[in-house]
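Colleague: For reference, the chains in residue letters:
2 protein chains.
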Amino acid sequence: MTAAEQEYTKQIYLGISNGHSPMHTHVLAELVGARPSSATDMVKKLTLKGLVNYRKSHGFSLTESGEQMALQVIRRHRLWELFLTENLKIDWKEVHAMANELQCINSDLLINSLEAYLGYPVYDPHGEVIPDAKGQIPQTERMEIYDLKVNQGAKVSGFRDSGKPFLAYIEKLGLLIGQKFKVKSLIDYNHSVEIKPNGGSSFIITKETAQKIYVTINE
Amino acid sequence: MTAAEQEYTKQIYLGISNGHSPMHTHVLAELVGARPSSATDMVKKLTLKGLVNYRKSHGFSLTESGEQMALQVIRRHRLWELFLTENLKIDWKEVHAMANELQCINSDLLINSLEAYLGYPVYDPHGEVIPDAKGQIPQTERMEIYDLKVNQGAKVSGFRDSGKPFLAYIEKLGLLIGQKFKVKSLIDYNHSVEIKPNGGSSFIITKETAQKIYVTINE
DNA sequence: TTATATAATTAGATAAGACTAATTATATAA
DNA sequence: TTATATAATTAGTCTTATCTAATTATATAA
Chain C
321 MTAAEQEYTK QIYLGISNGH SPMHTHVLAE LVGARPSSAT DMVKKLTLKG
371 LVNYRKSHGF SLTESGEQMA LQVIRRHRLW ELFLTENLKI DWKEVHAMAN
421 ELQCINSDLL INSLEAYLGY PVYDPHGEVI PDAKGQIPQT ERMEIYDLKV
471 NQGAKVSGFR DSGKPFLAYI EKLGLLIGQK FKVKSLIDYN HSVEIKPNGG
521 SSFIITKETA QKIYVTINE
Chain V
321 MTAAEQEYTK QIYLGISNGH SPMHTHVLAE LVGARPSSAT DMVKKLTLKG
371 LVNYRKSHGF SLTESGEQMA LQVIRRHRLW ELFLTENLKI DWKEVHAMAN
421 ELQCINSDLL INSLEAYLGY PVYDPHGEVI PDAKGQIPQT ERMEIYDLKV
471 NQGAKVSGFR DSGKPFLAYI EKLGLLIGQK FKVKSLIDYN HSVEIKPNGG
521 SSFIITKETA QKIYVTINE
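So the protein sequences, as listed, match chains C and V.
Read in order, the letters of the first sequence are residues 321 to 539 in the working numbering.
Read in order, the letters of the second sequence are residues 321 to 539 in the working numbering.
Hints in this document: simulated from the structure, not taken from any laboratory.
Everything hinted at is true.
Remember, identical chains collapse to one label, so a pair may be satisfied in a single copy or spanning two.
SDA-like mimics (lysine to any residue), calculated; alpha carbons at most 25 Å apart, straight line:
hint, residue 1, residue 2
1, K413, L429
2, K369, I336
3, K492, L429
4, K409, K454
5, K409, N432
6, K484, M321
7, K413, G483
8, K409, P451
9, K484, D428
Turn these sequences into a full structure, and let the hints guide you.
Modeller: Right under this line is the structure:
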């Protein structure tokens, strides 16, 4: 499988996981950073290889083997991200792009050795779960800030978006993984959320942002 | 620069270092594992980019900037090889192929972080010198078994060939890096060399093999 | 110097992946 | 139901990197 095929397959999986079901060519094109016509070409190719269920001009999804493929790419991506931040101490906003190049190296020996070296981690530096060698995803419940109620306290545990602009914004807000906070109010008008981090003053985030930040509730 | 351009440039450099000066298309083709016509195409492209000095139907060499380019690729390759063997504990015969895929990721941040993580190493697992960030090669003298005299003792310090078949042969002979041995005799007929490793019995290696094994002489 | 073997190059294909521009589907509003 | 906006696809082009087969250079031996 080529690097491009792997990246498209990964993005179909992630897009569908984030609610874009069924996937559409223009959404996929946006996700991989290409034009819709390129996405159409690739989806047709992936369909021929049995990785995608495709009905012309309607949406599409991954087949069972396409999903397994995607999970392996995601596994490689996230293990490399973790290595880059944890071991090489590279800024977490930079690692996504590097991991996108590293993920295409498809060697079980390499990736399983890396996984062992990192100590069989469960989460990547953005709080996303790392699939295991069999493509199994350790089951964890993912609640978003958007799901919280007023006065509820919680702790940041991950992010749905690993793009540099979003992560830079998160860093600016001080909402790094582990940060505790409380929901101060929910704004009916546009569904924004006002939160107050422990040891900081409160501010408002949009609905979109509140849906991209995973949390665990204080026990 | 594409992965292929990087690999060709690297192989031109290594080939010339190993005495193929000037380089020729059929030799280069052999080194990268392609046909001579492909090598011709690539050499023409590299010439247009100012990396190669080329005179049609005669040999060619790298320009100053081509050489710098090659040294950076070699640097990345050897740092990754070291990481794979030292940290991930992957068999040294396997790492060359993996490093060939990793070497194309051209990020100074990544590779300088990796170098720091590895502790600014000077040698890769095959005993080859690692160029620094500026493309400088730490100066070390490279003597081969073939240069030794009868009864001279020495220690294996590296190999000119990092291909799997050669390394498997070396491993079989027990001539790993650090192994001490003595030259028992030089065979005039075909310039083979009889050596006796410390703690083992003597055997004969061909001239070609004797030229691929670097040594340091016992003080 | 001419014949010949070897090396090098050219010509022409192919495959992957991307693009633009044009066309065709689909779904929604009037 | 028809018009229209949006989405999707097709057609055709480009680049990179390969290949085979044919041709041309070069150098060596007779």
